[in-house]
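Protein chains in written order, with my numbering: chain L, 1 to 110; chain U, 1001 to 1114.
None of these hints come from the bench; they were simulated from the model. The C-beta atom is built at its ideal place from N, Cα and C for all residues, glycine as well. Hints should not be assumed to be uniformly reliable.
[Unchecked claim] Label-pair restraints from in silico Cβ distances:
#  : chain 1 : residue 1 : chain 2 : residue 2 : range
1  : L       : K52       : U       : G1051     : 24 to 34 Å
2  : L       : H40       : U       : T1017     : 42 to 52 Å
3  : U       : T1017     : L       : K52       : 48 to 58 Å
4  : U       : G1051     : L       : A17       : 37 to 47 Å
5  : L       : I39       : U       : S1084     : 20 to 30 Å
6  : U       : T1082     : L       : S41       : 20 to 30 Å
7  : L       : Q42       : U       : D1062     : 19 to 29 Å
8  : L       : K52       : U       : K1070     : 32 to 42 Å
9  : L       : N54       : U       : S1083     : 22 to 32 Å
10 : U       : D1062     : L       : G15       : 40 to 50 Å
11 : L       : N19       : U       : D1107     : 20 to 30 Å
[As the list claims (entries may be wrong)] Covered by chain L, per the in silico footprint, the following chain U stretches (three or more residues, Cβ under 8 Å):
#  : segment
12 : 1040-1054
13 : 1065-1076
[What the hints assert, rightly or not] Partner residues are not named here, just some residues of chain L that face chain U (Cβ under 7 Å, in silico):
#  : residue
14 : Y32
15 : Y34
16 : P44
17 : Y46
18 : H49
19 : L80
20 : A93
21 : A94
22 : G95
23 : K97
24 : F100
So the chains spell out like this:
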Amino acid sequence: DAKTTQPPSMDCAEGRAANLPCNHSTISGNEYVYWYRQIHSQGPQYIIHGLKNNETNEMASLIITEDRKSSTLILPHATLRDTAVYYCIVGEAAGNKLTFGGGTRVLVKP
Amino acid sequence: DAGITQSPRHKVTETGTPVTLRCHQTENHRYMYWYRQDPGHGLRLIHYSYGVKDTDKGEVSDGYSVSRSKTEDFLLTLESATSSQTSVYFCAISSDRGGNQPQHFGDGTRLSIL
Chain L
1 DAKTTQPPSM
11 DCAEGRAANL
21 PCNHSTISGN
31 EYVYWYRQIH
41 SQGPQYIIHG
51 LKNNETNEMA
61 SLIITEDRKS
71 STLILPHATL
81 RDTAVYYCIV
91 GEAAGNKLTF
101 GGGTRVLVKP
Chain U
1001 DAGITQSPRH
1011 KVTETGTPVT
1021 LRCHQTENHR
1031 YMYWYRQDPG
1041 HGLRLIHYSY
1051 GVKDTDKGEV
1061 SDGYSVSRSK
1071 TEDFLLTLES
1081 ATSSQTSVYF
1091 CAISSDRGGN
1101 QPQHFGDGTR
1111 LSIL
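Looking at chain U on its own, in the form it has when it is part of the complex:
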């Protein structure tokens, strides 16, 4: 299995509080991604990174920010959490050895905003 660790694995917090999710990889892969998964929507891309300090928005980026100061860590921040951001969040990584390299996923963070 790809060396991906997501933390925390579960979190319950209140509306309006800031939340930061961490994705840590030990593969030295260039690309990192944050997805969310909700019933009826499948996985949707929030943000992704193509290198240290290089990030871009995905299809559902509103209300989220990211940072990547080191190759191994990709942080997802909800500045002021809302109930609509209750979801399961998955981090993924892929290498840059050709465009066909698959993405590998972490085990997810289950986030509940009350």
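This is chain L alone, in the form it adopts within the complex:
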């Protein structure tokens, strides 16, 4: 079973920031938070991951609460091409399975 809870869907205006929440209240000390997205029927695309510190890369920012029980993925300037299903996953990815839950279906509107 997925160890995360995400809203099933959300809309976002093009050019605005998209903030995607994720709850992972049972995360253990050595588990990371990973974010992936899947556009239509393509393979899941890795976005970002973190342990406890906030992280930023060219695609997004990841904000993890101090107690690590929740996190937020921020897409700073959403474009139409960011329309996708976004998955929040906790665990240790290398050498282990990734458990994908239902994700959040994000629709970026003009």
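Based on the hints, put chain U in the right spot on chain L.
Frame of chain L; chain U shown alone:
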């Protein structure tokens, strides 16, 4: 993008025939994985490999076998395909530089068993 190539990209075959899907990587990563994705189930792990000739079962391994004779290739075989194995199959890879290395996915193989 990670250097992962899945072949074929699409395949239609009949029940009872053997099918082999190939995943080829150019990253020299240690770990390779096969997942299937079906509506209502998300991605589920079939088999994975942690090195040449080292493989293990995932949560939905029945009816599938794998082989990894070279670092760069991970083969998934359906010995006798059934309609329930109609799915989209994704290969993933990850390096062994620490347990937090993310998995990177290929573009998938859409398999239809008639």
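Against the structure, test the hints numbered earlier, and report the numbers of the ones violated in rising order.
Hint check: 2, 9, 13 and 19 fail, others pass.
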